[in-house]
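Number of protein chains: 2
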Amino acid sequence: MPYRAPTAEFEFLLTHVVGFDRVTATERHAEATPETVRALLGEAGRICEEVIAPLNRAGDLQPSRLENGVVRTPPGYAEGYRAMAEAGMTAISADPEHGGLGLPQTVATCVNDMAGAACLALQMNPLMTQGQIEALEHHGSDDLKALYLPKLTSGEWCGTMNLTEPQAGSDVGALTTKAEPAGDGTYRITGQKIYISWGDNDFTGNVVHLVLARLPDAPRGTKGISLFLVPKLIPDAAGNPGVANALKVVSLEHKLGLHGSPTCVMQYEGATGWLVGAENDGMAAMFTMMNNARLGVAVHGVSVADAATQAAVAYAAGRRQGRPLIEGGTGTILDHADVRRMLMEMKAETFAARAMALDLAVSIDLGHAGDAAQAARAAVLTPIAKAYGTETGIKVANMGIQVHGGMGFIEETGVAQYLRDVRVSAIYEGTNGIQAMDLAGRKMSDGGAAIGALVDAVEAEALDAGGDLGAEVAAMAAALRAATGDMLGRELNDRFGGAVPYMMGFARVMGALYHLRAARAGSARAALARFYITRLLPEAHGLFAQARQGAADLYDLSPDDLAA
Amino acid sequence: MPYRAPTAEFEFLLTHVVGFDRVTATERHAEATPETVRALLGEAGRICEEVIAPLNRAGDLQPSRLENGVVRTPPGYAEGYRAMAEAGMTAISADPEHGGLGLPQTVATCVNDMAGAACLALQMNPLMTQGQIEALEHHGSDDLKALYLPKLTSGEWCGTMNLTEPQAGSDVGALTTKAEPAGDGTYRITGQKIYISWGDNDFTGNVVHLVLARLPDAPRGTKGISLFLVPKLIPDAAGNPGVANALKVVSLEHKLGLHGSPTCVMQYEGATGWLVGAENDGMAAMFTMMNNARLGVAVHGVSVADAATQAAVAYAAGRRQGRPLIEGGTGTILDHADVRRMLMEMKAETFAARAMALDLAVSIDLGHAGDAAQAARAAVLTPIAKAYGTETGIKVANMGIQVHGGMGFIEETGVAQYLRDVRVSAIYEGTNGIQAMDLAGRKMSDGGAAIGALVDAVEAEALDAGGDLGAEVAAMAAALRAATGDMLGRELNDRFGGAVPYMMGFARVMGALYHLRAARAGSARAALARFYITRLLPEAHGLFAQARQGAADLYDLSPDDLAA
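First to last, the protein sequences are chains G and B. Each residue of the first sequence is one higher than the one before, counting from 1 in the UniProt record's numbering. Each residue of the second sequence is one higher than the one before, counting from 1 in the UniProt record's numbering.
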């Protein structure tokens, strides 16, 4: 089934659910009028439907490959990328000073949502560039900005993030890539990086790597990490791609999904790099990239959930039954109560996960405009949105396979690819376990103030909404407050034992709030809200029950017991 | 990591959890002494570890393929199949009269568990044969039995099930394959069947198809379906494979997983078939095959869950961290509370799903030995075990990927294959939605007597076990009783709206019971039981809450609303 861009859904969410008017009310984003946003999303949607979506299965069947050290991308990817870049889709929120559209992150989030649904493997490329642009805008020197940002913003060049090493994944502090001062203001970067998405391609004029490495005598752990910009081709005096840098793609990974996206093992052999930010302060810049990327990856989940839901609804509506199942039915498997249940769950989850991503984007935009409370709110929502968005993508893609029955297991149908592609989203940019540790650790380091403010606001709004659904949401917000209090009373590792269920229960409460807001808009919205609040929200009881178990019981089995 | 056969776990479960001694106390199975069973499982385990498991990834990389109308299987499959057949692993429970070992279904279930964990794609083959043997034993004429059973039992020939047609999947009654009497006691079978697992191979002397088809003027729907035996090669007077029958493999499917198992589109073009059972009574024979296959597919989930858990524990225990995470820790990611949580959940779920499969097998064996109450208990447990086993396989394989982090997304690691392979188990032999309809429909047609007896027994045993865990299980059994009562009070389609959550909540209660039994055996078992009962059992509250919603709200969205 052809992908349809959900532009009306975005308009509904921006207007009725996430209060996007607060963003356009700021001086910074006054130009993002409804007409401008509508026109931009309409055009981006058209490109995604017509140009990008047709590349999705082709890229799965003809993966990116390494030929004599050079990455060859799937047929059509170059043209697809160019279409996105020309429409400004690769840098919606980049600074106009360097050619960006300067639009809110919220708008970029809508565009990324559509591009990811159309072809997630290709969309990984601009997502990495967007994180790099933001990192350079915040931490780069004026020279680096002047040289790199215009070309990254235009899409002429693209960017990557180089964090992981074989022995240093979630444990970033264990990385050993070296950076030695060359004496001329540059550095020589030496080491191996793995899992580098889009580490090379055959359609941009240059590839700009941001690489975490250690200076000589740097402190151990994360306090001794610096960030370097390492271009594939070193720009000449005119800023054009010049001589090749001392780096190469060693190999590509064979992955469960995202076959079109080349996941590279990169070798740096004394490559020339430029420091970004202060020495030993690389983690700050990394978190700038990471937070951007975490929202972007949350959206990956939403994208795939939407595409999977569209496909499942279309399949069910066309799959005829030999005999009528219910009176006045459609004569298709849509008449099956359980098929309905699955489709409504897919729609209800997709709606909630998308609303959360956009809610987070709005808080980021307001934070950028100077609202510290919104910035703190965004910090709390980031791990929740990343985990909930990606778990939703996986769950909904999996359910979409189920709706298709035997056809779901056949690759030609295309819905198995959704599950394969989206699976890694729960792992990269910080596994969802790491997100939970961030929420229960760093994001509670204010004594629970930011979380408390968020929960209070949910409860007050739910009580204000009233009715049986409002009462359910308010009651679960109170249960979330209790679970938060329980967390705050525990040692850190004890919190971590229940952090994932706590986070997923938190997501349920937020999801219910978004549905409650949507329910005011009409009967179909209200029916979906009732489904979510009566059927899915109660899961949070079980999740909070698990969160209250802490960590002690998790160490009752010895490693030998686990292996037995 | 090499697969290790869980022979000690089987012995524990048979002895302490599922009461296998009740089976060996019957006259029918008196010969299945602990020593016999131990020796057989030991030898089967050795073959699975040494011969079958090494074929798993090879079969994924080099799928079965169709060459000039003939299926070519992956390298090593022929030898692997032969090793299984020679050890009697393909027909553990078949009647000794035709060369079978005549051992209980419970023992066959243990063997299938190991074979499926070692190489699920290959194990699909004997599983289909086992169902065919059982169907022929119950419904075949003496002539058919005498001719086919010895060769099927020895593994010289193998069997398939031909149910599905393009327009008739879950809706079996819609099938249109024709069977016309030839006048000589045989029939001419004409039609197309799809999704035929192991529809052909290059390592057995014949392939025997059981095909559902319609006689001329048969009643519509499922009441007009008959079952036919249709061999690939028609046996000559001496019973040896003779001339080719008028059937062919048209194509193989390209699937998400199980690449080694050829999933065939079969074309019957006036093929010669023999009636199995009475005319228009094919559904009865089909259910004999199906019930066997449903237990077998439940075990597929258990198999993969076990293999995925073994791999994840081994990976975590070997994945070192740069710095110690907890005092007295291992220095590996095993120290992470959330990694522990995932591993314990994987182990706790695998244990419960395996216990349920074996509990079902024991009830089947006791039912075969003449105990009607146990047969009724088996009928209730079958859909629950099929759904819980397969959902556990999918969930645990998915969690295993997460434990591996980025490595989990790389195909070389082998754990992504587990998820790909097991995904279809929730679909074939009746989707899990169909299982739920069976439980809430047919299996409640006695007014809830069989379910009530099962729930009463769980509650009584939990109360008898006592302690906080016993009390929790008893309380949830009471909640299950209430949910059952609620179901019984509803119209059929209204039950179906909550049937899947009801079934999964039912599974949680049964799983808790098995853990409660195991907890008496020692501290590691007790720790795992506590984990399951305090962390996972509470999910049932949310599931029963959803079950109570019925179906009415599921039709509040129009097909257009769903597509919007």
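Bear in mind the hints are in silico, worked out from the structure with no lab data behind them. Please read all numbers here as calculations on a predicted model, not as lab measurements. One should not assume that every hint holds.
Stated by the list, open to error - Residues on chain G that point at chain B, a partial pick, calculated with CB under 8 Å:
#1 Ser141
#2 Lys145
#3 Ala146
#4 Gly173
#5 Gly270
#6 Thr272
#7 Ala278
#8 Glu279
#9 Asn280
#10 Arg340
#11 Met344
#12 Gly405
#13 Arg423
#14 Ile427
#15 Glu539
To be verified - Taking CB as the label site, the calculated pair distances span:
#16 Arg323(B) - Pro181(G): 47 to 55 Å
#17 Ala482(B) - Gly42(G): 28 to 36 Å
#18 Phe203(B) - Ala83(G): 44 to 52 Å
#19 Lys223(G) - Asp468(B): 41 to 49 Å
#20 Gly331(B) - Glu35(G): 30 to 38 Å
#21 Phe203(G) - Gly205(B): 52 to 60 Å
#22 Gly42(G) - Ala471(B): 53 to 61 Å
Beta carbons are placed, not taken as given, at the ideal position from N, Cα and C, and that holds for glycine.
A quick look at each hint next to the structure:
no.	hint	result
1	Ser141	violated (30 Å)
2	Lys145	violated (31 Å)
3	Ala146	violated (35 Å)
4	Gly173	holds (6 Å)
5	Gly270	violated (24 Å)
6	Thr272	violated (28 Å)
7	Ala278	violated (23 Å)
8	Glu279	violated (21 Å)
9	Asn280	violated (17 Å)
10	Arg340	holds (4 Å)
11	Met344	holds (6 Å)
12	Gly405	holds (5 Å)
13	Arg423	holds (7 Å)
14	Ile427	holds (6 Å)
15	Glu539	holds (4 Å)
16	Arg323(B) - Pro181(G): 47 to 55 Å	violated (27 Å)
17	Ala482(B) - Gly42(G): 28 to 36 Å	violated (52 Å)
18	Phe203(B) - Ala83(G): 44 to 52 Å	holds (51 Å)
19	Lys223(G) - Asp468(B): 41 to 49 Å	holds (45 Å)
20	Gly331(B) - Glu35(G): 30 to 38 Å	violated (59 Å)
21	Phe203(G) - Gly205(B): 52 to 60 Å	holds (55 Å)
22	Gly42(G) - Ala471(B): 53 to 61 Å	holds (60 Å)
In this structure, the earlier hints numbered 1, 2, 3, 5, 6, 7, 8, 9, 16, 17, 20 are contradicted, and the remaining ones agree with it.
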